[in-house]
Amino acid sequence: MEFSAKQIAGVLNGRVEGDAEAKVSDFSKIEEGKPGTLTFLANLKYTHFIYDTQATIALVNEDFVPEKSLPETLTLVRVANAYTALAQLMTMVDRSQAKKPGIHSMAFISSTANVPADSCYIGAFAFIGENVKLGNNVKIYPHAYVGDNASVGDDTILYAGVKIYDNSIIGKRCILHAGAVIGSDGFGFAPEGDKYKKIPQLGNVIVEDDVEIGANTTIDRAVIDSTIIRSGVKLDNLIQIAHNVEVGENTGMAAQVGISGSTKIGRNCMIGGQVGLGGHIKIGDRVNIGAQSGVLSSIEDGESVIGSPPVGVREFFRSSLIFRKLPEMYRTINQLQKEIEELKKIKK
Amino acid sequence: MEFSAKQIAGVLNGRVEGDAEAKVSDFSKIEEGKPGTLTFLANLKYTHFIYDTQATIALVNEDFVPEKSLPETLTLVRVANAYTALAQLMTMVDRSQAKKPGIHSMAFISSTANVPADSCYIGAFAFIGENVKLGNNVKIYPHAYVGDNASVGDDTILYAGVKIYDNSIIGKRCILHAGAVIGSDGFGFAPEGDKYKKIPQLGNVIVEDDVEIGANTTIDRAVIDSTIIRSGVKLDNLIQIAHNVEVGENTGMAAQVGISGSTKIGRNCMIGGQVGLGGHIKIGDRVNIGAQSGVLSSIEDGESVIGSPPVGVREFFRSSLIFRKLPEMYRTINQLQKEIEELKKIKK
Amino acid sequence: MEFSAKQIAGVLNGRVEGDAEAKVSDFSKIEEGKPGTLTFLANLKYTHFIYDTQATIALVNEDFVPEKSLPETLTLVRVANAYTALAQLMTMVDRSQAKKPGIHSMAFISSTANVPADSCYIGAFAFIGENVKLGNNVKIYPHAYVGDNASVGDDTILYAGVKIYDNSIIGKRCILHAGAVIGSDGFGFAPEGDKYKKIPQLGNVIVEDDVEIGANTTIDRAVIDSTIIRSGVKLDNLIQIAHNVEVGENTGMAAQVGISGSTKIGRNCMIGGQVGLGGHIKIGDRVNIGAQSGVLSSIEDGESVIGSPPVGVREFFRSSLIFRKLPEMYRTINQLQKEIEELKKIKK
Numbered sequence: 017m018e019f020s021a022k023q024i025a026g027v028l029n030g031r032v033e034g035d036a037e038a039k040v041s042d043f044s045k046i047e048e049g050k051p052g053t054l055t056f057l058a059n060l061k062y063t064h065f066i067y068d069t070q071a072t073i074a075l076v077n078e079d080f081v082p083e084k085s086l087p088e089t090l091t092l093v094r095v096a097n098a099y100t101a102l103a104q105l106m107t108m109v110d111r112s113q114a115k116k117p118g119i120h121s122m123a124f125i126s127s128t129a130n131v132p133a134d135s136c137y138i139g140a141f142a143f144i145g146e147n148v149k150l151g152n153n154v155k156i157y158p159h160a161y162v163g164d165n166a167s168v169g170d171d172t173i174l175y176a177g178v179k180i181y182d183n184s185i186i187g188k189r190c191i192l193h194a195g196a197v198i199g200s201d202g203f204g205f206a207p208e209g210d211k212y213k214k215i216p217q218l219g220n221v222i223v224e225d226d227v228e229i230g231a232n233t234t235i236d237r238a239v240i241d242s243t244i245i246r247s248g249v250k251l252d253n254l255i256q257i258a259h260n261v262e263v264g265e266n267t268g269m270a271a272q273v274g275i276s277g278s279t280k281i282g283r284n285c286m287i288g289g290q291v292g293l294g295g296h297i298k299i300g301d302r303v304n305i306g307a308q309s310g311v312l313s314s315i316e317d318g319e320s321v322i323g324s325p326p327v328g329v330r331e332f333f334r335s336s337l338i339f340r341k342l343p344e345m346y347r348t349i350n351q352l353q354k355e356i357e358e359l360k361k362i363k364k
Numbered sequence: 017m018e019f020s021a022k023q024i025a026g027v028l029n030g031r032v033e034g035d036a037e038a039k040v041s042d043f044s045k046i047e048e049g050k051p052g053t054l055t056f057l058a059n060l061k062y063t064h065f066i067y068d069t070q071a072t073i074a075l076v077n078e079d080f081v082p083e084k085s086l087p088e089t090l091t092l093v094r095v096a097n098a099y100t101a102l103a104q105l106m107t108m109v110d111r112s113q114a115k116k117p118g119i120h121s122m123a124f125i126s127s128t129a130n131v132p133a134d135s136c137y138i139g140a141f142a143f144i145g146e147n148v149k150l151g152n153n154v155k156i157y158p159h160a161y162v163g164d165n166a167s168v169g170d171d172t173i174l175y176a177g178v179k180i181y182d183n184s185i186i187g188k189r190c191i192l193h194a195g196a197v198i199g200s201d202g203f204g205f206a207p208e209g210d211k212y213k214k215i216p217q218l219g220n221v222i223v224e225d226d227v228e229i230g231a232n233t234t235i236d237r238a239v240i241d242s243t244i245i246r247s248g249v250k251l252d253n254l255i256q257i258a259h260n261v262e263v264g265e266n267t268g269m270a271a272q273v274g275i276s277g278s279t280k281i282g283r284n285c286m287i288g289g290q291v292g293l294g295g296h297i298k299i300g301d302r303v304n305i306g307a308q309s310g311v312l313s314s315i316e317d318g319e320s321v322i323g324s325p326p327v328g329v330r331e332f333f334r335s336s337l338i339f340r341k342l343p344e345m346y347r348t349i350n351q352l353q354k355e356i357e358e359l360k361k362i363k364k
Numbered sequence: 017m018e019f020s021a022k023q024i025a026g027v028l029n030g031r032v033e034g035d036a037e038a039k040v041s042d043f044s045k046i047e048e049g050k051p052g053t054l055t056f057l058a059n060l061k062y063t064h065f066i067y068d069t070q071a072t073i074a075l076v077n078e079d080f081v082p083e084k085s086l087p088e089t090l091t092l093v094r095v096a097n098a099y100t101a102l103a104q105l106m107t108m109v110d111r112s113q114a115k116k117p118g119i120h121s122m123a124f125i126s127s128t129a130n131v132p133a134d135s136c137y138i139g140a141f142a143f144i145g146e147n148v149k150l151g152n153n154v155k156i157y158p159h160a161y162v163g164d165n166a167s168v169g170d171d172t173i174l175y176a177g178v179k180i181y182d183n184s185i186i187g188k189r190c191i192l193h194a195g196a197v198i199g200s201d202g203f204g205f206a207p208e209g210d211k212y213k214k215i216p217q218l219g220n221v222i223v224e225d226d227v228e229i230g231a232n233t234t235i236d237r238a239v240i241d242s243t244i245i246r247s248g249v250k251l252d253n254l255i256q257i258a259h260n261v262e263v264g265e266n267t268g269m270a271a272q273v274g275i276s277g278s279t280k281i282g283r284n285c286m287i288g289g290q291v292g293l294g295g296h297i298k299i300g301d302r303v304n305i306g307a308q309s310g311v312l313s314s315i316e317d318g319e320s321v322i323g324s325p326p327v328g329v330r331e332f333f334r335s336s337l338i339f340r341k342l343p344e345m346y347r348t349i350n351q352l353q354k355e356i357e358e359l360k361k362i363k364k
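Chains as they are written, first to last, in our numbering: chain B, 17 to 364; chain D, 17 to 364; chain U, 17 to 364.
Hints listed in this document are in silico derivations from the structure and should not be mistaken for laboratory results.
It is possible that part of the hints are untrue.
[Stated by the list, open to error] Keeping only pairs whose Cα atoms sit at most 25 Å apart, straight-line, the calculated DSS-like set for lysine-lysine is:
1) D:K22 x D:K39
2) U:K149 x B:K50
3) B:K361 x D:K22
4) D:K22 x B:K341
5) U:K61 x U:K50
[As the list claims (entries may be wrong)] For the chain U half of the interface with chain B, some residues (derived, Cβ under 10 Å), not all of them:
6) Q217
7) V329
8) F332
[Said to hold, decoys possible] Chain U stretches covered by chain B per the calculated footprint, using a threshold of three residues with CB under 8 Å from any CB of chain B:
9) 67-79
10) 175-185
We put the CB at the ideal spot given by N, CA and C, even for glycine.
Model the full assembly from the supplied sequences, consistent with the hints where possible.
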């Protein structure tokens with residue numbers, strides 16, 4: 017799709033400086049600006065790149081004053097805030113790529129499923145089980161699987177190969193990335209002599225509204241009631257959420273985090289990549305946990321911690337720096353011991 | 017499905033106290049008991065919740081004596097052991113949800129595959145390759161893939177999107193969760209100047225009986241012979257098992273564990289979440305390895321270790337606690353050095 | 017497939033010693049040699065196994081001199097280098113198993129896609145989107161998904177259930193294992209009060225030639241331009257590559273590594289299992305990073321490091337060994353303090 021400087025200025029409530037008919041069909045970063053693209057000056061640190069960019073249009077702040085001449089091929093679109101305007105433009109373009117409604121002839125939809133055919137997209141090889149309920153404008157990509165009795169709220173997207181086990185409940189405006197698994201059996205076994213007997217996992221998973229779940233992330237269903245992912249939670253790729261966990265509103269987790277069974281996490285927490293949380297603990301609200309931490313005890317509201325076991329961030333980095341001095345410290349202590357023995361002897 | 021108190025007591029060899037016709041269709045925990053559900057008093061710590069539960073039926077031990085009046089809406093079913101009875105009931109309900117036999121018209125089954133059509137369930141978009149052999153009562157969910165010459169034993173379940181590469185052998189009564197990958201190429205490359213040349217991976221994966229494999233877990237096939245997962249092994253989600261690994265009977269691994277190539281793990285081990293094991297080592301029988309440990313050397317039978325490199329559990333937590341005192345220790349040592357120098361001078 | 021000793025010697029430019037018509041249909045390791053298989057003596061440590069192997073053919077070096085009599089059932093094929101010859105043979109056998117060209121009737125191929133039908137294999141339930149361009153000899157296994165406008169180069173293999181998002185570019189001779197996800201949305205959100213607003217991810221992923229990507233590995237697309245995986249990169253299973261990352265030529269990563277957004281990694285690096293790299297850092301060329309390291313700062317060319325924060329390998333293991341002596345050190349320091357106080361008093 018192509019847009020002219022004039023069209024872009026119109027949408028963004030901006031002002032063209034240069035060729036109003038200049039056309040772009042893609043974005044580029046200011047340091048790599050290519051012909052036919054729109055670039056932007058959001059971070060002033062990068063200002064020097066604009067003087068020889070090959071980009072066709074640049075979004076700049078209203079108050080931008082060039083310090084030398086700009087390329088002749090460059091048209092400016094001046095807006096109140098270049099960064100906000102860029103985000104607005106990206107969102108528009110993104111929406112324009114959305115799949116059109118329609119049910120592919122090679123999809124399978126159970127006769128008992130409730131699918132608003134006029135607003136939903138159901139791709140080839142998608143599977144919609146018995147009694148499934150889809151909201152309006154739902155998009156189910158190819159190879160996605162929605163098990164029996166599951167429901168998916170309005171405007172939610174399930175990308176290719178997402179698997180939703182039976183009875184799961186997915187909210188509105190959620191985005192589930194390719195290969196994510198929702199509702200697999202929790203890891204529950206009772207010892208029986210040397211062997212293990214499976215404890216049936218009869219609960220489900222509830223994902224509330226505005227949740228994003230990364231590619232190949234897995235969320236197990238509860239033993240009896242529900243594993244719950246509250247509204248606004250953002251989960252990156254390859255995360256593991258065990259059975260009976262609850263993740264509070266607007267909490268974000270980076271990739272490869274693992275949360276053990278029955279742990280409750282508060283709202284607006286930030287959990288770094290590859291963190292592991294033990295089972296049956298409680299993480300308060302607005303807690304920050306640094307990457308790769310191992311957490312086996314509960315954490316109070318508002319704390320920022322890192323490490324295994326976790327300590328304050330400053331404390332952790334101070335101790336980590338001294339970790340490499342351990343051999344030297346060990347030698348020094350031995351030396352001191354000898355010197356003291358020497359002093360004692362002399363004393364006597 | 018609905019069950020009456022009378023039916024439940026009949027099945028569990030229990031005794032009704034209250035309305036024998038009271039009906040339930042789901043389970044609930046004692047602290048959240050909802051009308052129309054069966055709850056249970058397995059842990060006496062939770063006894064106080066029973067006095068105002070809204071659940072319709074409660075499973076209790078035969079010797080339970082209420083300390084105050086129970087809700088009028090509550091019917092008791094007394095059994096010898098409430099916890100065992102609950103597990104029995106959950107297993108029954110679980111089985112009742114199993115898929116009915118039948119081959120979906122949108123499945124693909126190679127003409128050379130051996131599929132007992134009267135007892136197997138093969139879902140839409142399932143793929144069964146050349147010369148595949150399925151046992152009786154096998155369940156293959158939608159989007160599962162069984163490569164050429166693979167075999168799957170009686171009563172095994174492959175959930176949605178499980179991928180079994182060619183020549184893999186899966187035992188009886190196994191459960192493979194959505195997105196699990198069995199038999200992918202081992203990670204083997206020989207340096208060739210600056211580049212790497214692929215070493216062909218010609219072996220396979222053998223999964224014995226009663227194994228459970230979590231969602232999106234990956235098990236690579238051997239270079240020449242077999243990667244082996246012995247009977248009764250339980251693997252959680254997102255685990256990586258490299259080529260030529262052998263995992264002994266009844267060993268359990270929590271989520272996100274990674275096992276490097278050619279490592280042998282004994283029987284009845286417990287391996288915590290996010291543990292990493294180096295290649296070509298031997299872990300004995302009944303070994304416990306704490307979460308997030310990094311193990312590069314072999315471990316003897318019966319040891320319990322944690323850390324990187326792993327040490328005894330007590331030792332690890334003691335050292336970890338002192339880790340945060342490192343800056344203080346460092347300062348103290350410097351101070352002591354000065355004081356000793358002082359003392360020496362005085363001495364002279 | 018069966019091969020005679022004569023055929024094998026012919027291919028490998030070797031020499032038969034024994035029954036030229038002896039036939040094998042599989043490989044076996046020297047310590048487990050089974051009848052009907054070809055074994056090999058590549059590592060002299062294993063020489064003693066050859067004297068009672070049941071294998072039918074053994075590949076040995078030209079200069080191998082048995083120290084006692086070999087089994088009567090064993091035929092030798094002598095070659096210049098047994099290990100190289102074995103690799104050559106394995107590669108041949110491997111190629112012989114490749115899928116034949118052909119488009120399955122249950123595949124979906126968009127009418128606007130460009131698929132060389134005479135040389136490509138497209139399995140059942142494979143999905144090829146709008147304007148997709150496939151090279152020659154491409155193999156797309158069942159349940160693989162190639163989104164709109166994506167391209168896949170000559171001789172590349174997408175195994176079962178690989179998901180390629182729209183606009184991704186995959187090079188020649190690549191191998192993508194089952195469940196790998198290429199081009200999922202980067203994890204980008206802007207805070208908006210207590211909530212998060214999604215930053216659209218409009219870029220793509222470029223995978224150059226001769227890249228191997230492990231099972232269930234995930235690679236996110238860039239915000240605006242491209243996440244880039246350079247030629248010859250080898251990625252193991254369950255790895256996470258975030259948006260805007262660049263991985264240099266011939267770099268290898270073991271399983272479960274996580275790379276945060278915008279980080280640039282040089283060429284010919286080796287990154288151990290479960291390593292985590294922070295965002296916006298630069299790893300030089302030929303860098304080795306030990307397993308489970310946590311890296312938050314840039315690393316110069318040619319360094320070998322391990323730990324969190326990473327230090328030299330020797331330094332790390334030295335400090336790790338002393339880690340377990342921390343409680344003892346702590347006690348010693350306290351003891352020394354007392355003794356010095358004692359000495360000072362006496363002094364006075």
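To see whether the hints hold, each was checked on the structure:
A threshold of 25 Å between alpha carbons decides the hint, and for K22 of chain D with K39 of chain D the separation of about 9 Å falls inside it, so the pair holds. The hinted pair formed by K149 of chain U and K50 of chain B meets the criterion: a straight-line CA distance of about 24 Å does not exceed 25 Å. The hinted pair formed by K361 of chain B and K22 of chain D fails the criterion: a straight-line CA distance of about 87 Å is larger than 25 Å. The hinted pair formed by K22 of chain D and K341 of chain B fails the criterion: a straight-line CA distance of about 71 Å is larger than 25 Å.
At most 25 Å may separate the alpha-carbon atoms for a hinted pair to count; K61 of chain U and K50 of chain U meet this at roughly 20 Å. Because the closest C-beta pair between Q217 of chain U and chain B is about 8 Å apart, less than 10 Å, the hint holds. A hinted interface residue such as V329 of chain U counts as satisfied when its beta carbon comes closer than 10 Å to some beta carbon of chain B; here the least separation is about 12 Å, so the hint is violated. Because the beta carbon of F332 of chain U sits about 8 Å from the nearest beta carbon in chain B, less than 10 Å, this interface hint is met.
For a cut-off of 8 Å, the count of residues in the segment 67-79 of chain U with a CB near a CB of chain B stands at 0, and the three-residue condition is violated. Here's how the segment 175-185 of chain U fares: 4 of its residues keep a CB closer than 8 Å to some CB of chain B, so the rule of at least three is met and the hint holds.
In the structure shown, a violation is registered for the earlier hints numbered 3, 4, 7 and 9, in ascending order.
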